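For the protein sequence lines, the chains are A and B, in the order given. If you count by full-length UniProt numbering, then the first sequence holds residues 1 to 177, one letter each, in order. If you count by full-length UniProt numbering, then the second sequence holds residues 1 to 158, one letter each, in order.
Calculated directly from the structure, the hints in this document are not laboratory data. Remember, it's a predicted structure, so these values are computed and weren't measured experimentally. Check before you lean on any hint, since a few could be wrong.
[Stated by the list, open to error] Straight line, CA to CA, 25 Å or less: simulated SDA-like cross-link-like pairs of lysine to any residue:
#1 B:K47 with A:E122
#2 A:K38 with B:A101
#3 A:K144 with A:P166
#4 A:K38 with B:S100
#5 A:K76 with B:A58
#6 B:K127 with A:P9
#7 B:K41 with B:A31
#8 A:K84 with A:R148
#9 B:K96 with A:D27
#10 B:K47 with A:P41
#11 A:K61 with A:N83
#12 A:K76 with B:N57
#13 B:K96 with A:E30
#14 B:K47 with A:V152
Listed below are the residues making up each chain.
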Amino acid sequence: MKRWIMVLPLAVFLLVAVFLYRGLFLDPSELPSAMIGKPFPAFALASVDGKPLTEADLLGKPALVNVWATWCPSCKIEHPYLNKLAEQGVVIHGVNYKDDNAAALKWLAEFHNPYQLDIRDEQGSLGLDLGVYGAPETFLIDAKGIIRYKHVGVVDATVWREQLAPQYQSLVDEAKP
Amino acid sequence: MKRWLAAAVLGLSLAGVTQAAIDTYQFADEAERERYHELTKELRCPKCQNQDIADSNAPIAADLRREIFRMLGEGKSNQQIVDFMVDRYGDFVRYKPALSARTWLLWFGPGVLLLGGFTVLALIVRKRRGQAAAGSADLSPEERERLAKLLDKEQTHD
Numbered sequence: 001m002k003r004w005i006m007v008l009p010l011a012v013f014l015l016v017a018v019f020l021y022r023g024l025f026l027d028p029s030e031l032p033s034a035m036i037g038k039p040f041p042a043f044a045l046a047s048v049d050g051k052p053l054t055e056a057d058l059l060g061k062p063a064l065v066n067v068w069a070t071w072c073p074s075c076k077i078e079h080p081y082l083n084k085l086a087e088q089g090v091v092i093h094g095v096n097y098k099d100d101n102a103a104a105l106k107w108l109a110e111f112h113n114p115y116q117l118d119i120r121d122e123q124g125s126l127g128l129d130l131g132v133y134g135a136p137e138t139f140l141i142d143a144k145g146i147i148r149y150k151h152v153g154v155v156d157a158t159v160w161r162e163q164l165a166p167q168y169q170s171l172v173d174e175a176k177p
Numbered sequence: 001m002k003r004w005l006a007a008a009v010l011g012l013s014l015a016g017v018t019q020a021a022i023d024t025y026q027f028a029d030e031a032e033r034e035r036y037h038e039l040t041k042e043l044r045c046p047k048c049q050n051q052d053i054a055d056s057n058a059p060i061a062a063d064l065r066r067e068i069f070r071m072l073g074e075g076k077s078n079q080q081i082v083d084f085m086v087d088r089y090g091d092f093v094r095y096k097p098a099l100s101a102r103t104w105l106l107w108f109g110p111g112v113l114l115l116g117g118f119t120v121l122a123l124i125v126r127k128r129r130g131q132a133a134a135g136s137a138d139l140s141p142e143e144r145e146r147l148a149k150l151l152d153k154e155q156t157h158d
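Sequences and hints are given; from them, build the entire structure.
Here it is as structure tokens:
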């Protein structure tokens with residue numbers, strides 16, 4: 001039998017091993033978002049304090065769009081960090097997802113409001129159009145309202161530094177003429 | 001005995017819990033109900049990843065079921081409804097992924113492996129057969145002599 005055939009099983013084994021090894025470090029709960037590269041979905045909703053908002057209000061500056069709710073424990077964890085980012089001048093908009101409005105208002109009054117716009121998505125219709133399947137989820141949109149990135153889970157210092165900040169900065173640079 | 005009875009009753013009550021999540025939707029006709037079941041079985045819950053949205057109790061699955069029901073009421077086709085979901089949640093939500101450049105390996109990989117296996121098998125069988133045929137025909141003169149001697153011995157013993 002030819003030599004190379006003898007090495008073939010080893011080669012196949014190594015190939016499979018490489019893929020499986022890589023698989024050990026993938027998080028199956030992180031889905032690739034189907035929305036990346038698409039414009040922010042159209043919506044006509046009120047803000048938590050009752051002003052009408054549409055997708056046009058998001059245009060002009062790159063921003064984070066944070067989907068949150070008072071029933072979501074991880075949202076509480078990331079809230080102080082969002083406050084900090086907002087203080088640093090990062091534009092953050094909030095989508096209050098399937099929540100009780102009174103509870104949301106109380107939360108924002110109590111824990112400080114880092115959001116420039118507070119979209120009230122009580123029915124979850126905007127969340128559905130965004131492909132949200134839990135909270136918190138954070139989208140990064142550019143100045144033209146195109147979704148460029150999505151992070152599922154808590155935004156903390158590590159996530160911001162390693163994933164969001166570089167992209168946010170490049171979008172800010174891009175937006176400058 | 002009593003204990004067994006209690007265990008059986010408890011077990012049966014659990015069996016009820018594991019059944020599909022129940023929504024109360026009024027369908028226009030039997031065909032629409034059938035399509036609803038088909039679609040909710042075919043679409044995967046994005047949150048609880050190894051359940052279809054018919055089985056899942058996650059709030060997002062309930063939302064998606066409601067959305068499917070709404071779209072069926074609007075007279076959308078199955079394809080339109082599946083596209084709606086894929087647009088938002090990606091190919092992930094389909095238990096039956098669409099055939100595309102990205103899913104080519106998924107669809108044809110097993111078949112290619114199977115064909116490869118058969119090819120290797122056929123090659124080995126052919127090779128062995130060739131060896132066997134060659135072996136019987138080609139005895140060297142010495143081997144022939146030895147064979148003859150052995151056969152002779154057998155005969156003289158008899």
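Right, here's what the structure says about each hint:
Restraint check: the Cα-Cα separation between K47 of chain B and E122 of chain A comes to about 19 Å, which is no more than 25 Å; the hinted pair holds. Note on K38 of chain A and A101 of chain B: the hinted pairing holds, with a Cα-Cα distance of about 21 Å set against a maximum of 25 Å. For a cut-off of 25 Å, the pair hint linking K144 of chain A to P166 of chain A stands: about 18 Å separates their Cα positions. Between K38 of chain A and S100 of chain B, the direct Cα distance comes to roughly 20 Å. Compliance with the 25 Å bound is thereby established for this hinted pair.
Distance check on the hinted pair: K76 of chain A and A58 of chain B sit about 21 Å apart at the alpha-carbon level, within 25 Å; holds. Of the supplied pair hints, the one linking K127 of chain B and P9 of chain A holds, its CA atoms being roughly 19 Å apart against a limit of 25 Å. Pair hint K41 of chain B plus A31 of chain B holds up; C-alpha atoms about 15 Å apart against a cutoff of 25 Å. Between K84 of chain A and R148 of chain A the CA atoms are separated by roughly 22 Å; this keeps the pair inside 25 Å, and the hint holds.
About 22 Å separates the Cα atoms of K96 of chain B and D27 of chain A, which keeps this hinted pair within 25 Å; it holds. The straight-line distance between the Cα atoms of K47 of chain B and P41 of chain A is roughly 21 Å, inside the 25 Å bound, and the hint therefore holds. Straight-line distance between C-alpha atoms of K61 of chain A and N83 of chain A comes to about 18 Å, which keeps the hinted pair within the 25 Å bound. In summary, the hint linking K76 of chain A to N57 of chain B is supported, as the alpha carbons are separated by about 24 Å, within the 25 Å threshold.
Taken as a hint, the K96 of chain B and E30 of chain A pair is honoured in the structure, with Cα atoms around 20 Å apart against an allowance of 25 Å. For the hint pairing K47 of chain B with V152 of chain A, the CA-to-CA distance comes to about 11 Å; that is within 25 Å, so the pair holds.
In terms of the numbered hints stated before, the structure departs from none.
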